[in-house]
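Protein chains: 2
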Amino acid sequence: MIRLAVDCFGGDHSPDANVNGALLALKQFPDLELTLTGDESLIRNALIGKEYDSSRLSVVHAPEIIGCDEVPTQAIKAKKDSSLMKAVELVRTDESVHGLVSVGSTGALVAAATLRIGRIHGIKRPAFCPLLPTMNGGIVGVCDSGANVDVSVQMLEQFAIMGSIYLQCAYGIEKPRVALLNIGTEAEKGDELRKAAYPALAALPNICFSGNMESRDLLSGNYDLIVTDGFSGNVLIKSAEGTSLELLKKLKKDLLSKPLYKLGALLLKRMFLEEKQFMDYRNYGGSVLLGCSKIVVKGHGSSNEIAVSKCIEQAYRMQENGMTVRIRDEIALIPRESSLPSKPSQKE
Amino acid sequence: MIRLAVDCFGGDHSPDANVNGALLALKQFPDLELTLTGDESLIRNALIGKEYDSSRLSVVHAPEIIGCDEVPTQAIKAKKDSSLMKAVELVRTDESVHGLVSVGSTGALVAAATLRIGRIHGIKRPAFCPLLPTMNGGIVGVCDSGANVDVSVQMLEQFAIMGSIYLQCAYGIEKPRVALLNIGTEAEKGDELRKAAYPALAALPNICFSGNMESRDLLSGNYDLIVTDGFSGNVLIKSAEGTSLELLKKLKKDLLSKPLYKLGALLLKRMFLEEKQFMDYRNYGGSVLLGCSKIVVKGHGSSNEIAVSKCIEQAYRMQENGMTVRIRDEIALIPRESSLPSKPSQKE
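Chains as they are written, first to last, in the numbering used here: chain C, 1 to 348; chain G, 349 to 696.
Possibly wrong hints are sitting among the right ones.
List of simulated lysine-lysine pairs, DSS-like, C-alpha gap at most 25 Å [stated by the list, open to error]:
hint	chain 1	residue 1	chain 2	residue 2
1	C	K238	G	K537
2	C	K258	G	K428
3	G	K537	C	K250
4	G	K606	C	K249
Quick list of simulated restraints, FRET-style, between CB atoms [as the list claims (entries may be wrong)]:
hint	chain 1	residue 1	chain 2	residue 2	range
5	C	G184	G	G520	42 to 48 Å
6	C	Y171	G	K523	36 to 42 Å
7	C	N283	G	A551	20 to 26 Å
8	C	E188	G	D429	26 to 32 Å
Hints were generated in silico from the structure; no laboratory data involved.
For each residue, glycine too, the CB sits at the ideal point set by N, CA and C.
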């Protein structure tokens, strides 16, 4: 039996999207048990008239909600009765609960997960690993994408290890191709951090390191995992998301600008809908916070029920394939005070 | 009279694109004089049959070419007779030559410009400022985008000043709205560099600072200039370029996948061509290397004659409006060892 907590508040469509997403996941996985946290009467209301296996669904009452505009470290202390903190405490105190899913405040989730749930032994800092669609129909993960803005070579090594095991466990990618985000593909490119990280990543025993990559190759499908600091990872992802959204908006505006174009658009309606679906991040699950001693998945605040169920599925797969234990074992293989030459070896 | 040197080799379509671009610019500006550098017989060949004012065009013979795969610092020493170095030396030694345009090796151009032409008094490091199209029909500059991967707060201040004056001189944008690239819009977001840079940029006397911006707003048209380190600037731009190229590629593939779509595509042919034009970086001029004591414009290696003429126009406008002197004067107003508190002031 796999047991997960689902924070049912804090999203744009909460609690309906969260509750319905939970029911979809229960239907999908017969050995899944979910505990929903949040205002019990509102959750019970959302459950009225729905068919589900009630023996695998429980509710923990949590009357408070942490908003996205609250200071995370203050909010997690002040709102112990929030839907998020009740989910976190359940995961922390109940050994049989394997992880949690939330679509609420990112900052509060990171703070609560780090401070209350804790890290896997040996992990310096948890890191986010969201996924984007590639143009050949696959996915690509970016680790870190915002949890850590100042990072060390050792942290980049750990991002590579955690991200690889995540893609193996959740998506069955046997040998994820790992690249280091840089401003050129040659080994000696980049700032001091990148120059030192290159040989360190190349030396990791169980990582399929493909060298440096430029951000223009993000969606090419040539890589499964992109390793970088949280600042540039955030810039990378949001630049791609923003560009695709702006382009679709422009296309839509231009399509309505002439009668002839409107006719063409009519013929292409189905295709444009598919393009929009393709680029909708909600179809690719949540951003996993890797490195915590239990599984933590953060869905987009705008998640609908499908998106929530995908997040729960991600958490399920990770637990099913023993991700946390595998990360702990792999990290234990790497010398603690990292391995790294202070000066990178120069390659031709 | 405005005098510029045009390096006629090192691009994908050299020397024809360079020579023809030069002739277009000569036609456009009656008070422009150009000196073309490169293999004289090849340049003369490209001029055969063309109409132009020969009193405003001269050629300096330079038999060598610096390739993009050469180590920049070695190449600029070893190939003194290259088209690039002849252009650089002309600019360096002839006071009446105001700047140069090249579509060759970026690294060699940066090295040669920095070491041979030199910086404006007070400037720490020259920086690149390429332009992208915004969705409301305008442009946005990003400074730095790759010349400096490790930067200080003082350098970010200088990027803001240089970029603003550039947009004023070359594009007539009176009060460029300057934003600091960050992972959130709140003043206290980001790494140590960004936290310290925010109040420093806000304190600059003649800069219209709009605060932090996220990369998803790159093309929104809300900003005229984005200030950042060369690493994240490079990630930002190439992620946007890569995403738009990949999306267009996908759209094209999908359009050919069904007969109905092909018909729709036929009706939309003109629109799709316009979208492609819109996203073609060559239509937005070159990337200016700001901070050199003379004007330096780097066009894309794949520049056609229109793109080369746009680069020359950029250089012309900058000189016409006294950019270099204005940058020098503005930099002189800023206290030399920057102004900055070691700890940023916290804003609510």
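Hints versus structure:
1. C:K238 <-> G:K537: OK: C:K238 and G:K537 at ~16 Å, within 25 Å.
2. C:K258 <-> G:K428: Between C:K258 and G:K428 the Cα gap is close to 56 Å, so the pair fails against 25 Å, i.e. violated.
3. G:K537 <-> C:K250: Answer violated: G:K537 to C:K250 is near 30 Å, above 25 Å.
4. G:K606 <-> C:K249: 24 Å, holds
5. C:G184 <-> G:G520: 42 to 48 Å: 34 Å, violated
6. C:Y171 <-> G:K523: 36 to 42 Å: 49 Å, violated
7. C:N283 <-> G:A551: 20 to 26 Å: 44 Å, violated
8. C:E188 <-> G:D429: 26 to 32 Å: Holds, since C:E188 and G:D429 (Cβ atoms, about 28 Å apart) stay within the stated range.
Hint compliance for this structure: hints 2, 3, 5, 6 and 7 are broken, all remaining hints hold.
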